[in-house]
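**Student:** Residues per chain, in single letters:
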Amino acid sequence: MLAVRLSAAMPDDVLLSVRDLHTWFELRRWGFVRVGFVRAVDGITFDLRRGEALAVVGESGCGKSTLAKTILGLHLPTRGEIVFDGRTVRSQENLRWFRSRVGYVQQDPYGALAPFMNVQRILEEPLLINGMADREARVRRIRGVLEEVKLTPIDDFLPRYPHMLSGGQQQRLVVARAAILEPQLIIADEPVSMLDASVRVEILQLLRGLQERYGLSLIYITHDLSTVRHFCERVFVMYGGMIIEQAPVANLLQNPRHPYTQALLAAIPDPDPENATRFREVPPGEPPSLLHPPSGCRFHPRCPAFMQGTCEVNIPTNFEPSAGHRVACWLYDESRQVAAKAPPRP
Amino acid sequence: MSRTLLELRRYPSAVAGLAIIGLLVGISIYTVIAIPYRDAIRLWRGGEQLWLENPRNARPVWMNLLPGVNLPRTLVVSSAGAPRHEEPVGSGVRRIAISLPFDFSSRGFPQELAVFFDAAYASAAPHVTLGWRRPDGSVIRLTELAVESKGIYRISSDQHLQQELGGRPEVMLFADPSAPNQPLRGRYELVLDGFLFEDGSRLEARLIVYGQVHGLAGTDHQRRDLMIALLWGTPIAMAFGLLAAVGTSVSTLVIAAIGVWYGRWIDGLIQRITEVNLILPGLPILIMIGTLYSRSIWVILGLVIILGVFGGIKGNRALFLQIKEAPYIEAARAYGAGNMRVVLRYMLPRVIPVLVPSFVTAIPSFVFLEATLAVLGLGDPAVPTWGKVLEDAYRSGALFVGYYYWVLEPAVLLMVSGLGFTMLGFALDRVVNPRLREV
Amino acid sequence: MTGNGFFSIDDLRLYFRTRKGPVQAVDGVSLTLPRGRTVVVVGESGCGKSSLARAILRLLPRNVDRYSGSVRLNGLDVMTLPEEQFRQEVRWIRLAWVPQGAMNSLNPVIRIGDQVAEPLLAHRRTESLAAARRSVEEVFRRVGVPIDFLDRYSFELSGGMRQRAALAMALITLPDVVILDEPTSALDVLTQANIMNVLKTIKRETQTSFILITHDIATSSELADDAAVMYAGQLVEMSHADQFYREPLHPYSRALMASVPTLREEKRLGFISGQPPSLIDPPKGCRFADRCPARFDKCSEEPPLFKAQDRLVKCWLYA
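Top line first, the protein sequences correspond to chains A, B and C. Residues in the first sequence are numbered consecutively from 1, following the numbering used here. Residues in the second sequence are numbered consecutively from 1001, following the numbering used here. Residues in the third sequence are numbered consecutively from 2001, following the numbering used here.
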């Protein structure tokens, strides 16, 4: 499986541009006493090229799902903007247009399907909503997309209800629904974490196949770094609502820079019997509260390379220690003469 | 839907419930066709005139099926086919003798005796003497009177006769001397012996021996056949229950959906109204309105719905709140579904199956509410309902006097209809809510 | 699989009665576990591994169709014990359990310390409340929960801490065998590694045997001394860990291993098409036959467990 697409052969035009995105949720006690803000997405900026597959990796509570939903327009950004295909996305104005071009694949395959609708109706809804009046055209589109996801024989599946499908089939249906409007971007939020191991690869390969055949962009959100290698070109690591490292996949895995990324990689096991004989170094503490985040760098309370007087004071900006590889960590600030010990490698 | 019906077949209680409901619906349809509403009202409120030939407070005819019970039915003996003898006696006067025979074989005494006359004359009324011949040959002179055109001679109410006979006429005229508590069985005859004074005069008479049993349901204190009220009570109860249940369910659903979807102060307002409504005492308010304002069944229905709407909001709201967060709703918004579409096509279909059981079990509670109001004297006086029958029975002290049928019949109907709906409702609940199912 | 056979199950069967027929959730599973060793039971959803835990612990629902076989603990067949004796002497005393989602099932109105002490108090294994408290402190130290958490409620704890508390609850009676059902699937990667460290420490310091039930093959390698693979209610392979992870034998095991993405090595990923068979009316022959790439005619007959160099495989290829 090719891990890196030959992007040099493609023109560098940007499909999605996210600029300084913040999504904060107001927390009120007793309905009206404002207690604070849950800063789920706290300053995210990135560009996504056409046809690119991007992975967003992080643990639960880091804000990655909120990022996905904000991009999809399910949450209103508190600050910042989203520019899609050259146009800024604003609600009421062009949200409908935007939504018909972005597909959404969710984590829970059964929950994502209306239990009282059969396969045909589930697939027909997006078409009806987006104005495809011609019945023939709809039928053709539905059959086409079912072929793509290999839910065949088609006539066998059309009248079935979600509870009559297996987990893998349900998720394939969700992918079909995401693809049916011929989107330019598919956002998949933990698409395989609720599926069995033997089915996961199938779904991921399906998504990858769609992406390659139709030149779609893909944002793949997951906590499982091991899958990223096989399906994406670029990867972001999120922590505490911010992107702390972004790089091409191979670079990140071979040479992780941020201490958190390093800890993450060190903690992920491969099926290896040697694992039982050794302990893993794990940073102490818990993921940060998004309501009362730590000052400065969000990771500083747990970081083995913590530098007093720097890390807890200011949020680190992005540094670029090598081409295409950005880290938000003061360790890589060349302007300061920082003689910090190199963080342990996995 | 069809899946639900198939599932229901597994529960005997549901099948029984459906059978009962089917029966009630069948009765309702039959009643509305066979006795149109206008006729029913006319009969029910028509007054004694319409019911003259019915005995008062008669038990149902099927009581005679019970062992040892042999109560008489009403006998009508008409002079139309009876032996009569007319004989002119000069100057336009005719002597007339009419014989009204009948056989009496019951073990109980008749309730009442009356003679209905139908005379036609210009100015001089016919004059007759009434005699009573018993099977043992004895003849008792009852009375002598001038017959009016639509006159009624109530033998039972004749005080003079009562004194003469030494007891109530309907008993004494039939009593067996050897066994005074039992009537003498055999052929009786009422003999009319009199004079017609004009050429054109005519005289017809009908003897009515009022029985103690009448009809399938008996009669009430106004001699009305109770079947009318019982039959007509069915569609009224069904309609009231159904309309009230539908009215409250739909309103609750819509209001809860609006509250949950739009949130903020609308939701807060609805919540506060709901909480106030929880404290309001429903029955006393209904009684108040019924006493002071109007007892019309439509007013009561409207009030019941208004008071009931906010009762179920909390439950519906909880359901909607859960569904609102469902992933498939999120997905729908992501592919562009508008608010109305989401509420109508994605949220409601999820909620409705869950609400059907509570809807079904709500129907009998409204039926009972209407009956309660009627028993308390606040029922619609114009409409024959089961509750009204109960009220009449209560006011007439039916249980003290032994007229159990009067109370039992509407009560049994109320209970059976309640049972039918609740059995169906509980079974539906088990079908629709799998967690309640036993493995 | 030689060893002193400290804990073993033999032909364990658990069938459930449903409207459509009996579900053969556990269909003749046998395995041996020496003292102090850990066996991982891997399989996908619906293979019967959670039912296996229930079968071992005799936690049966009302609709049991068949429950047979033997469960031996140090020579004694605990299946033969009457229910009350099993409850008082075996369950949670010698055989303990951390069920799936245990961290979410802690009682929110009882303090953690009190809840962890409950197994001791319920089985009267302690002389006084003070002694119970000391035991709780001891086991908290072992699993890595700070002592001052004794008086906190479960909702004040993070997911990782709650899972440690659930683990403490299973360890407090010093059982011989602990069954862990998906102990880390709902946790973050870092927390998962932490819990695994805890389990490794306990493994090293005590002689407790573990049965780890999981679908996550990569994580299972953290603890495994032996590996057992379940498919459609049956055990299809049983090996030592170092043999299993490097080279699984059964075609299902191989396919499963091929579908696990790896971080550190280059690999061609595969998947298994189709679905596991229904447990209500399982196919007569080898249950994996329809999906097996190496299928041949003998497979229409159910294969027994063959011995292949000290490993067990339920496949005609190793006859």
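Hints were generated in silico from the structure; no laboratory data involved. Some hints could be false.
Among the chain B residues that face chain A by a calculated CB cut under 8 Å, a handful are [what the hints assert, rightly or not]: (1) Y1153; (2) G1311; (3) Y1346.
Calculated lysine-lysine pairs in the DSSO-like style (CA-CA distance at most 27 Å, straight line) [claimed, not checked]: (4) B:K1324 / A:K69; (5) C:K2267 / C:K2284; (6) C:K2267 / A:K150.
Where a beta carbon is used, it is the ideal one built from N, C-alpha and C, also for glycine.
**Student:** Against each hint, give a clear statement of whether it holds in the structure.
**Tutor:** To see whether the hints hold, each was checked on the structure:
1. Checking Y1153 (chain B) against chain A by beta carbon gives a least distance of about 74 Å; that is not within 8 Å, so the hint is violated.
2. The closest approach between the C-beta of G1311 (chain B) and any C-beta of chain A is roughly 23 Å, which is over the 8 Å cut-off, so the hint fails.
3. Here the hint on Y1346 (chain B) is kept, as its CB sits about 6 Å from the closest CB of chain A, short of 8 Å.
4. Between K1324 (chain B) and K69 (chain A), the direct Cα distance comes to roughly 15 Å. Compliance with the 27 Å bound is thereby established for this hinted pair.
5. Distance check on the hinted pair: K2267 (chain C) and K2284 (chain C) sit about 35 Å apart at the alpha-carbon level, beyond 27 Å; violated.
6. Between the alpha carbons of K2267 (chain C) and K150 (chain A) the distance comes to roughly 25 Å, so the proposed pair stays at or under 27 Å and holds.
In this structure, the hints that do not hold are numbers 1, 2, 5, in rising order.
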